[in-house]
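Asks: Add chain W to chain Z, keeping to what the hints say.
Here the protein sequences line up with chains Z and W, keeping their order.
First residue of the first sequence? That's 197 in this note's numbering, and the numbers climb one at a time after it.
First residue of the second sequence? That's 1194 in this note's numbering, and the numbers climb one at a time after it.
Mixed in with the good hints, there may be bad ones.
[As the list claims (entries may be wrong)] Simulated pairs of lysine to aspartate or glutamate, DMTMM-like, Cα-Cα distance not exceeding 25 Å:
id, chain 1, residue 1, chain 2, residue 2
1, Z, K623, W, D1519
2, Z, K623, W, D1426
3, Z, K627, W, D1455
4, W, K1457, W, E1367
5, Z, K593, Z, D606
6, W, K1494, Z, D606
7, Z, K593, W, D1567
8, W, K1446, W, D1426
9, Z, K542, W, D1545
10, W, K1429, W, E1295
11, W, K1592, W, D1244
12, Z, K593, W, E1516
13, Z, K593, W, E1491
14, Z, K499, W, E1292
15, Z, K515, W, E1633
16, Z, K499, W, E1633
17, Z, K593, W, E1518
18, Z, K542, W, D1567
19, Z, K542, W, E1621
20, Z, K617, W, E1531
21, Z, K232, Z, E573
22, Z, K593, W, E1524
23, Z, K617, W, D1585
24, W, K1534, Z, E573
[Said to hold, decoys possible] Over the 10 Å line for every Cβ pair with chain W, so calculated as not near, a few chain Z residues:
id, residue
25, P252
26, I304
27, V391
28, K439
29, D494
30, D504
31, G544
32, A592
[What the hints assert, rightly or not] One-sided and incomplete, this derived list gives chain W residues near chain Z with beta-carbon spacing under 10 Å:
id, residue
33, V1258
34, I1281
35, G1283
36, D1523
37, P1553
38, T1558
39, Y1635
40, R1638
Worth flagging that the hints you see were computed from the coordinates, not collected in a lab.
All C-beta atoms, glycine included, are put in the ideal place defined by N, C-alpha and C.
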Amino acid sequence: MTRLLLGLLVALAPLGAETIVIQNANVMTVTKGTFKGSIVITDGKIVEAGEKVTVPEGAIKIDAANQYVIPGIIDCHSHIAIDGGVNEGSVSDSSMVNIRDVLDPEDIAIYRALAGGVTTANILHGSANPIGGCTLPIKLRWGKDAQEMIFKGATPGIKFALGENPKSAGNPQGGRGGGTVQARYPATRMGVEDVIRESFNEAKAYKAEWDDYNAKVARGEHGLIPPRTDLRLEPLKEVLEGKRYVHAHCYRADEILMLLRIADDYGFKIRTLQHALEGYKVADEIAAHGAGASTFSDWWSYKVEAFDAIPYNAAMMVKRGIVVSVNSDDAELMRHLNTEAAKAMKYGGLTENEALSLVTINPAKQLGIDNRVGSIEPGKDADLVIYDKDPMSDYAKVQKVLIDGTVYFDRDTDVSNRAAKAAEKQKLLEKERQNQPRGGRGARGGQGGQAL
Amino acid sequence: MRLAAILLVSAAAAGAASKEVILIHNADVYPVTGAPMKGVSVLIQDGKIADIGAKIAPVKGERIVEAKGLRVYPGMLDSGTELGLSEISGVRVTVDTGELGEFMPQLKAIIAVNPDSEHFGVVRVNGITSVMTFPSSGGGGGGGGGRFGGGQRQIIAGQAALIHTDGWTWEEMEINRSAAMHLIFPAIAGRGGRGGNLDFGPDLIPGAAGGSYTQARRTYEQQIAQLTAFFDDARKYRKARAANIPGFVRDLKFEAMLPVLDRKMPVAISASRASSIHDAIAFAEKQNIRIVILQPREVGKVAAELKAKNIPVILGRVLALPETEDSPYDEAFTLPSEVYKAGIKFAFGTFDNEFVRNLPYQAATAVAFGLPYDEALKAITINPAEIWGASDKIGSVEKGKVADLMVTDGDPLAIQTQVKHLYVRGDEVPLTNKQTRLYERYNTRQ
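Next up, chain Z with everything else stripped away, as it sits in the complex (with noise of 0.2 Å):
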């Protein structure tokens, strides 16, 4: 019956739909087990995976006899792909601005996290005010558009930022700038709850014109003048009828605590607890919100905040029932998220399952793009890793990696052009130095006679 419904997909396909198999894989699906076989995909999709399956006439193969195949890896946390600064930091709530209008699909980051297996990645707001700006996921094609990197269909999100960061800017002299600077509120913990709490209000209210606007209109009502369109509090409204989804900048238990609070007292949801060092230590009250977290895998040390972070948080969440993700947030770090998510399992024992899990379904789950990313199943994206050995190992190497069904990026490929790169490079700066006016340097010889 599957077959045969599968079948009809194929047949279905528009003329031209390029099929293709990976075959002889350890195929690591992370919902439905890990075997050795194939995986079909058709027009971008899954259409098959398992230790059988038909092989449509005329698909492309590719061969991955000893490789391993995992879901492609979804980053939670990424300020990649940013054109300039990442933070309006001149108020305390920039819930007006958004990282939609900013996107740069040249930043040399995206190939590289591609590189190393990354294929959806959560594109934030930085962490300077306790409202940040509006956030979204993108798909890592390389090579495409900024419209085209879009994850179509997901949730957008707004970033929240509680603790040091957003206190700073009320302390300049402790935080940038030095004296000179002027303070922003908050300066406090006590302010930063405050200015979250004071924005609900005012989008509570905002959301009750706008209810009782559209009430009118849905009797019938006619001759009303709308509400005025306000653009800072239109994402908190959303978010208010669950339509954007919070991402929340934490460190410690107490703020985390706090701001679950104001969500209960405003009637909606924290999406994902982003960093949440200490969400260990309150994990029962975070899985009791349904809050997710997501994590870094081993930093501390660099700030007060991050002194109690231990490595056994994302695994100690785990088990206390938490969807937990292991992030990123660094364009070096994002290029093995994978080993990153490896160690919940040594430390707080997670299996090699669970742990593949911190990066693809999880994280698909915090997004609300489980549905289409984050597992190897018919149905879903073909956005795939293929590794050179087990990923969870320090030893594995990236292959390829697929987005959409598309080769988005191919090591021996990689590997190969760069002798052309180097000579093309070679000669565009070549003809550079002939365009430039000789003489006037002679500042060269102490170098050894060497190229910088």
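Replies: Quick look at chain W alone, frame taken from chain Z:
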């Protein structure tokens, strides 16, 4: 008075005698300097490795640690840390790495090592038994803390110490308090070490860099001249000192330079780019000093020079971003393999207290990208012990060496591997720390 002295002596003797005799029984021993030995035992006595073998005569009072199926390795050595000097990197008052002043050879890292720093416990549970701890730049309101190569202008930062990661006092922890003099080599493109983010482009396109290059060049030349003058002055001092002129007054800065001038203490030079490394080598030749290069980010053009002059390098983080936008994505991953193939002696350093515990995983990444496994293991054990002049004491599992050992349940470079026992100077160190205590405490929260 006499009595007090006797008491003191006997107390000290009692202290030494109370060191436990331990037999690690029936383990697989990986000495690093030789072939692995299956099913042998290691006897630890007086803090040293007293014997290794299949059959060791029982020693009275020995404690037997059953280790069937476990492996014994030398404890690992991280060649670039600020351990003991920096607690919370973002809080200046907890950071003692960066002093003021450009030429400060008299500063000694060892006297500022806090044996109770939480970092020691954290790195020990992952098998790190010794580290090089460096004074570095970033002094006086550095704010973000004394990161290598960042912060304030400093050229000679002081003396780096080679220490054990366990001990009641810094005196007990000492292996060599003056293992190296840290010199942050002036560079045109930013500073040495981790700095160097400023890039004036390949071979400086004429006119493009404008005045900023000229200015940077001038500053660089001034610093090199200052550095040369400082060494010249130190030599004059040595001469005056030898001549024993009446009224001669000791100068602590120049006193500290004497072992450097006598080639007894190596100079650890932070230099990241090939051009800086080349200049550093030229400087060392002229000054007739021994050097070790810290954190090179490229060696291509100077590889032959490093090999020919037998200059070791301490590789920084393997898990690092490429230097420039158009560098290969795996540039830092493949550097260790490149250095190895060039025949250069090398060891690994993490250059950040936060990541010292990940030293073996940095080495593993180098293996994934071409470095032979055995060489990776050597680069965190025997190689650094040799580079820092302590291979008679540490770096391998050999009879007569200090018993700095880790007992693991598998390959120490693999993330999932657990350290089951750890010995520092022959003492079994509990595998607990601030983090395991928080884990235990909150794991039992009802």
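Asks: Does each hint fit the structure? Answer for all of them.
Replies: To see whether the hints hold, each was checked on the structure:
1. Among the hinted pairs, K623 of chain Z with D1519 of chain W is consistent with the structure: their alpha-carbon atoms are about 14 Å apart, no more than 25 Å.
2. Pair hint K623 of chain Z plus D1426 of chain W does not hold up; C-alpha atoms about 48 Å apart against a cutoff of 25 Å.
3. Under the criterion of a C-alpha separation no larger than 25 Å, the hint pairing K627 of chain Z with D1455 of chain W is inconsistent with the structure, at around 50 Å.
4. Distance hint between K1457 of chain W and E1367 of chain W is fulfilled; the C-alpha atoms sit about 18 Å from each other, no more than 25 Å.
5. With a C-alpha separation of about 11 Å, the suggested pairing of K593 of chain Z with D606 of chain Z holds against the 25 Å cut-off.
6. Of the pairs offered as hints, the one joining K1494 of chain W and D606 of chain Z is violated, with about 29 Å between alpha carbons and a cut-off of 25 Å exceeded.
7. About 19 Å separates the Cα atoms of K593 of chain Z and D1567 of chain W, which keeps this hinted pair within 25 Å; it holds.
8. Proposed proximity of K1446 of chain W and D1426 of chain W is supported: the alpha carbons are some 10 Å apart, at most 25 Å.
9. Annotation: proposed proximity of K542 of chain Z to D1545 of chain W holds, straight-line Cα distance about 21 Å (limit 25 Å).
10. The hinted pair formed by K1429 of chain W and E1295 of chain W meets the criterion: a straight-line CA distance of about 20 Å does not exceed 25 Å.
11. As the CA atoms of K1592 of chain W and D1244 of chain W are separated by approximately 6 Å, the hinted pair is consistent with the 25 Å bound.
12. Distance restraint check for K593 of chain Z and E1516 of chain W: the Cα-Cα separation of roughly 20 Å lies within the 25 Å cut-off, and the hinted pair is therefore satisfied.
13. In summary, the hint linking K593 of chain Z to E1491 of chain W is supported, as the alpha carbons are separated by about 22 Å, within the 25 Å threshold.
14. For the suggested pair K499 of chain Z and E1292 of chain W, the alpha carbons sit about 21 Å apart, so the restraint of at most 25 Å is met.
15. Between K515 of chain Z and E1633 of chain W the CA atoms are separated by roughly 14 Å; this keeps the pair inside 25 Å, and the hint holds.
16. Distance restraint check for K499 of chain Z and E1633 of chain W: the Cα-Cα separation of roughly 23 Å lies within the 25 Å cut-off, and the hinted pair is therefore satisfied.
17. Between K593 of chain Z and E1518 of chain W the CA atoms are separated by roughly 21 Å; this keeps the pair inside 25 Å, and the hint holds.
18. Only pairs whose Cα atoms come within 25 Å are accepted, and K542 of chain Z paired with D1567 of chain W is accepted, the gap being roughly 23 Å.
19. Restraint check for K542 of chain Z and E1621 of chain W: satisfied, since their Cα atoms lie roughly 21 Å apart, inside the 25 Å limit.
20. A hinted pair counts as satisfied when its Cα atoms are at most 25 Å apart, and K617 of chain Z with E1531 of chain W qualifies at roughly 20 Å.
21. Taking the CA atoms of K232 of chain Z and E573 of chain Z, the gap is near 15 Å; set against the 25 Å cutoff, the hint holds.
22. A hinted pair counts as satisfied when its Cα atoms are at most 25 Å apart, and K593 of chain Z with E1524 of chain W qualifies at roughly 14 Å.
23. For the hint pairing K617 of chain Z with D1585 of chain W, the CA-to-CA distance comes to about 48 Å; that exceeds 25 Å, so the pair is violated.
24. Between the alpha carbons of K1534 of chain W and E573 of chain Z the distance comes to roughly 44 Å, so the proposed pair goes past 25 Å and is violated.
25. Every C-beta of chain W lies more than 10 Å from that of P252 of chain Z, the closest at about 34 Å, which supports listing it as non-interface.
26. Not every CB of chain W is more than 10 Å from the CB of I304 of chain Z (nearest about 5 Å), against its label as outside the interface.
27. Chain W leaves V391 of chain Z outside its interface by the beta-carbon criterion, the shortest separation being 23 Å against a cut-off of 10 Å.
28. Its beta-carbon lying about 35 Å from the closest one in chain W, K439 of chain Z satisfies the requirement of being farther than 10 Å from that chain.
29. With a minimum CB-CB distance of about 7 Å to chain W, D494 of chain Z fails to clear the 10 Å threshold, and the non-interface call is violated.
30. For D504 of chain Z, the requirement that its beta carbon stay farther than 10 Å from each beta carbon of chain W is not met, with the minimum near 6 Å.
31. Its closest Cβ contact with chain W, about 8 Å, brings G544 of chain Z to no more than 10 Å, contrary to its assignment away from the interface.
32. Chain W draws A592 of chain Z into its interface by the beta-carbon criterion, the shortest separation being 7 Å against a cut-off of 10 Å.
33. The criterion of a C-beta within 10 Å of any C-beta in chain Z is not met by V1258 of chain W, whose closest approach is roughly 22 Å, and the hint is violated.
34. Interface hint status for I1281 of chain W: upheld, as the beta-carbon distance to the closest one in chain Z is roughly 6 Å, under 10 Å.
35. For G1283 of chain W, the interface hint holds, the least distance from its beta-carbon to any beta-carbon of chain Z being 4 Å, beneath 10 Å.
36. The criterion of a C-beta within 10 Å of any C-beta in chain Z is met by D1523 of chain W, whose closest approach is roughly 8 Å, and the hint holds.
37. Given hint, P1553 of chain W at the interface with chain Z, holds; its Cβ is 9 Å from that chain's nearest Cβ, closer than 10 Å.
38. Contact between T1558 of chain W and chain Z, as hinted, is supported at the beta carbon level, the nearest pair being about 6 Å apart and thus within 10 Å.
39. A cut of 10 Å between beta carbons decides the hint on Y1635 of chain W: the least distance to chain Z is about 5 Å, and the hint holds.
40. The beta carbon of R1638 of chain W comes within 7 Å of a beta carbon in chain Z, closer than 10 Å, and the hint placing it at the interface holds.
The structure fails hints 2, 3, 6, 23, 24, 26, 29, 30, 31, 32 and 33 (numbered hints given earlier, in ascending order).
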